[in-house]
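Student: Use the sequences and the hints to build the structure in full.
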Amino acid sequence: MFKKILIANRGEIAVRIIRACRELGVSTVAVYSDADRRSLHVALADEAYHIGGSAPGESYLKKENIIDAALKSGAEAIHPGFGFLSENEAFAEMCEKAGIVFIGPSPEAIRLMGDKITARKIAFDAKVPLVPGSEGAVSDVEASVVANGIGYPLMIKASAGGGGKGMRLVRSKDDFESALRMARSEARSAFGDDSVYVERFVEQPRHIEIQLIADSYGNTLHLFERECSIQRRHQKVIEEAPSGFISAKTRKKMGEVAIKIAKAVKYSGAGTIEFIMDQKQNFYFLEMNTRVQVEHPVTEMITGFDIVKWMIRIAAGEKLPFKQGDIEMNGHAVECRVYAENPATNFMPSPGTIEYLSTPSGPGIRDDSAIYNGCEITSFYDPMLSKLIVWADTREAAIDKMASALREYIVLGVKTNIGFLRRVMADEEFRKCKIDTGYIERHPELINPEARDMKPALIAAAIAMENSTGSGPQSQTAAASNWKLFARRSGVTRSPLA
Amino acid sequence: MTYTFKLNEQIYKITLEENEGQIEVEIDGEKLPVDYRKIEDNLYSIILGGQSLTIGVFKKGKKIQVFFDGDLYDLESISEREQKKSSLAASGVQEIKAPMPSRVVKVLKSEGDEVSRDEGVVVIEAMKMESELKSPIAGKVRNVMAKEGDAIEAGTVLMVVVSDTPPASE
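So the protein lines, in turn, are chains A and B.
Residue numbers for the first sequence follow the numbering used here, so the first one is 10 and each next one is one higher.
Residue numbers for the second sequence follow the numbering used here, so the first one is 9 and each next one is one higher.
I should point out that these hints are in silico values taken from the structure, not numbers from a laboratory.
Here are the simulated DMTMM-like pairs of lysine to aspartate or glutamate, each with C-alpha atoms no more than 25 Å apart in a straight line:
| id | chain 1 | residue 1 | chain 2 | residue 2 |
| --- | --- | --- | --- | --- |
| 1 | B | K136 | A | E283 |
| 2 | A | K441 | B | D77 |
| 3 | B | K105 | B | E138 |
| 4 | B | K136 | A | E98 |
| 5 | A | K328 | A | E32 |
Tutor: Written out as structure tokens, the structure is:
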């Protein structure tokens, strides 16, 4: 095992990794930007090194500065967390050259899976299902042949595309020709390139992914799936494990397919294969994330498997002592990402200072967080404040537990999505698992609920005014205790609670 | 004491008074007995008609944030004099301000353009995300200060919109 590890990240994931290291008896090195001097990961680590300015490009993305800090501190390995340099092949190579272990897969595996076209080819060769479509750009004649082959509904997409331009949804054969013409002309005017490709349209897609863990001796296991269909701006907000939708047969098939992809690139460490799935449980390869995932805790909760610790052990050369058959899942876990954002203004980030914080606790409740009273949420980084995770024996019970836990979550100073999350937990469709990636857009009432009775809020504001002006009625100030009076008289102590 | 608050562009009046050892609130002409304790800074336990409520309140000057039932509300405490002034401003001239340090991605309206209520006028980017700022009122764009690519501080006025309906004379 390593003696010392540098964590090249910040926020809750840095805290998560520091805790895993401590439990393994490994000492920890934090790195921080100007804006993060007061951040929790700095306080919790054994050593801390300043690596530059607040903007990620001046610090957490500065490869040389991080390698320097590792060398200076004598860290033998670097855990990149997620985001920042976690899927950066050049950084993994630099670590190797500097004689530092990069806790993750090989630079080669990162490169292969990081390039969408290469990744798609690897999946294709491994006979992993892909969204049926034309391989690359097509002529008008080819397009209609491919279209007949894959069937309707289908999508025509601009090869140079993005932002929905040059994209056409075609529901029947009769509309194909005119849609193709329009997509081409739109693509030409938007990108100066009218090449298009054709793909099956997956209606009401679900996002389901398989967690993998592989050691360096060819043992590759899957830890079942996570469903992450509740998304806004193509970003996950609520995740759960297992999926409440798929059959045991589909689960087994997805796991096997995911392992095939990992083996094709000699993958080691933790990784995730993402799929989209239609409402008939047909699934298609989307991409592979070659790092620990934000939502890894839900898998940990149902398997009892500590993913972050095993990433470290595997990087240190340990062998997985389990076989696929040893991994069992038990119960159901749900994760809610608590963001500093305002759902009412299209989930706009809401930076500021945390003026008050109270977090839930109780059996089966886990709050992976890096915030505290008085901490600053800056606009330099992702606005995720924490991940609230719960476990219970069934999906229904887990949702009830999450709803209850969210009632105890109080944040002042920045706007959060807590109210929104509470409304999702109470929503009939969510509870019945009728979800897909369009769920949030379909439910504006969860964002802007009907007018509610604002009396309690107004009364609380009046009470706070009354208290701050000191004109509060006598009966409302707690009677001074004899202990306090004694302390005041003797003038020697000051109660921290006074 | 009577307090006046603005919440969601509406004005509310609340009176708190002690009556024979009981605290009473009067709101919207309704009188309710209330029992409250400060639990710690910014947190109150309020018992209202038998209902136990835990409400977070953070006060900074005239601005008051209330965290109630999962959502954060922005209230403003206003005096009688300010009340008249602010109701004029609310319906007359509206400044579109940057809510946070950010960068201007796109200016969607030019001077003289008509805008409808809740129409997007400026796109800004912060924390890796683009957001559209909307006009809170219908009217005409009087000034455009924002330029695409500008780095802006929180509170920077990006655009001024003038209402096309005459301000209500309250």
